[in-house]
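*Asks:* Using the sequences plus the hints, can you model the full thing?
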Amino acid sequence: MPVPPLVARGLRKRYRDTTALAGFDLTVEPGSVHALLGPNGAGKSTAVNTFATLTRCDEGEVRVAGHDVRREPAAARAAVGLVGQRAALDEILFGAENLVMFGRLHGLSRSAARERADELLRTFGLLEAADRKVSTYSGGMRRRLDIAVGLIRRPALLFLDEPTTGLDPRARNEVWQTVRQVVDAGTTVLLTTQYLDEADQLADRITVMNVGRVVADGTAQELKRRVGGDRVLVTAPAHADLRRLAAVLGGVADPELREVTVEAGPGGGAAALTAAVRALDAAGLEADDIMLRRPTLDEAFLHLTAAEPAPGTQRSEGAHR
Amino acid sequence: MNAVATTLRQSWVITLRDLKHWQREPWTPIFGIAFSVMLVLMFGYLMGGAIGLPGGGDYLHYLLPGIFALSMLFGIEATMSAIADDSKKGVTDRFRSLPISAAAVPLGRAGADLMNSAVELAVLMVGGLLIGWQASGSLGATVLAVVLLLWLRFAMLVLGVFLGLAFRGEGGVTAVQVLVWPIGFLSNVLVAPESMPAWLGAVAQWNPISATAAACRELFGNPSGITGGVLADHALLLAVLWPTALILVFVPLTARAYRRLSR
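Chains as they are written, first to last, in our numbering: chain H, 496 to 816; chain B, 2 to 264.
The hints are simulated quantities; they were obtained by calculation from the structure and are not laboratory data. Backbone N, C-alpha and C define an ideal beta-carbon position, used for all residues, glycine too. One or more hints might be untrue.
[Unchecked claim] Here are the computed lysine-lysine pairs in the DSSO-like style, where the Cα-Cα straight-line distance is at most 30 Å:
id: 1; chain 1: H; residue 1: LYS628; chain 2: B; residue 2: LYS89
id: 2; chain 1: B; residue 1: LYS21; chain 2: H; residue 2: LYS719
id: 3; chain 1: B; residue 1: LYS89; chain 2: H; residue 2: LYS719
[What the hints assert, rightly or not] Partial list, computed: chain H residues near chain B (C-beta under 8 Å):
id: 4; residue: ALA573
id: 5; residue: GLY579
id: 6; residue: HIS601
*Replies:* Here is the structure:
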């Protein structure tokens, strides 16, 4: 069995009066995109910084590509690429020069660093901007270059800490495209995000965290399922008998909204919708509107993170750093 | 490749990066040098006429070695703000996430800053000679004076890296930019401590940059403005010891500040 790119067990980290990690566990499977999803201050960045050897946690064990980050930090660093929250680029150097510099620091020869820089610039559509100062780059270009820098040594695992925070929708799409490219090339990605659609779009597996611990873990589908299945909503016409409508459909009436909600059975949403239309038809009833509702990841997220914070923890620890 | 060679190779990559900054945005180093030139002109011509030297001698000859030492002290600002800037932009964190030696980044910075200071010294010395300053010491003595000045600069570098890591906020750099003035002036670089009230003169005499300035005056054969006291006899020794002491104290503190980034 291959070594998982990342295994973390029982991580605990306190900053003065706040708990950033309160017994955090995570396993990332090779070849996947794993999203750490959580609100601001959930401890996502602390977790990633611990994995990347930038932060030392108080308790717990982290193995990156089989290397303990405490005992073999150099080997662990060699196996990962980190793309932090801020684009950590040299603004005065050109895009290509940034790549060459970081390549040389990774131990590549001058010519090898140049070759790799060219390759990455081409892959990420930055060839034309190669000889321009990074300070002239757009937000999306910076992010792409930032990710390229993280990939110089073809790491087994790439950390992306909130890769699209602060980007406009177009730049965000560019970055998503880039992340997909990275994964297609065989790199395992661990990304943190506050955006549910980002996790939904990119991740094979999502770990939802809040106040320093895991509150849920699974695929986007599984998380949605935990909040409940599909529902059919039928809106009754103005003078219809709501109770009769509910009885015919086998659902629950909401007199205020004049709506009947029918939970979909194991057959799924489409089957429930068809059944509802047939039942209405057979009973000779009319409806103003019929629609199928799937639970969104948003709902799942709110549902999962609504739990009370553990005693002695605060929700705002991210703000202190 | 052994560890030392690898570290030096990595440092050189960082040095090249820092030098490229100056090549691309030359105004920062140019203004740094222009500033020291301005001090020479201001004190040499504007105020120099009113400044007398204990023991006699030409004030301009006295002034230039002082300005050399002062410009080494002022170099601390450039070092500190570069380090603070990298930390703020996350570049330091990226360096820290790489499998490179922890010493490579500060050493690379040191290489670039020392080169910058060497150029600044050269400009000041040539400019000084053009306006009539004389260095009448032997070649060996002149080289030794330059080495002592760069040794002081190296100590300021270590201090600058420490301050840049320890006080990363905006306020830190500003505080140092303000504080270097009284610290620089409370010395023998511009006027002889013997002209000050006795207690103040004692403080000025024990200022580390006074030792370097006094040693340079001795080595260049310039008037010392000193008729007695510790610098009259031990300027050279103190010009070696002061920076050495600062380096010995601040290298471990800097290493600690670097480690504390991973708190």
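*Asks:* Failing hints, ascending?
*Replies:* 2, 3
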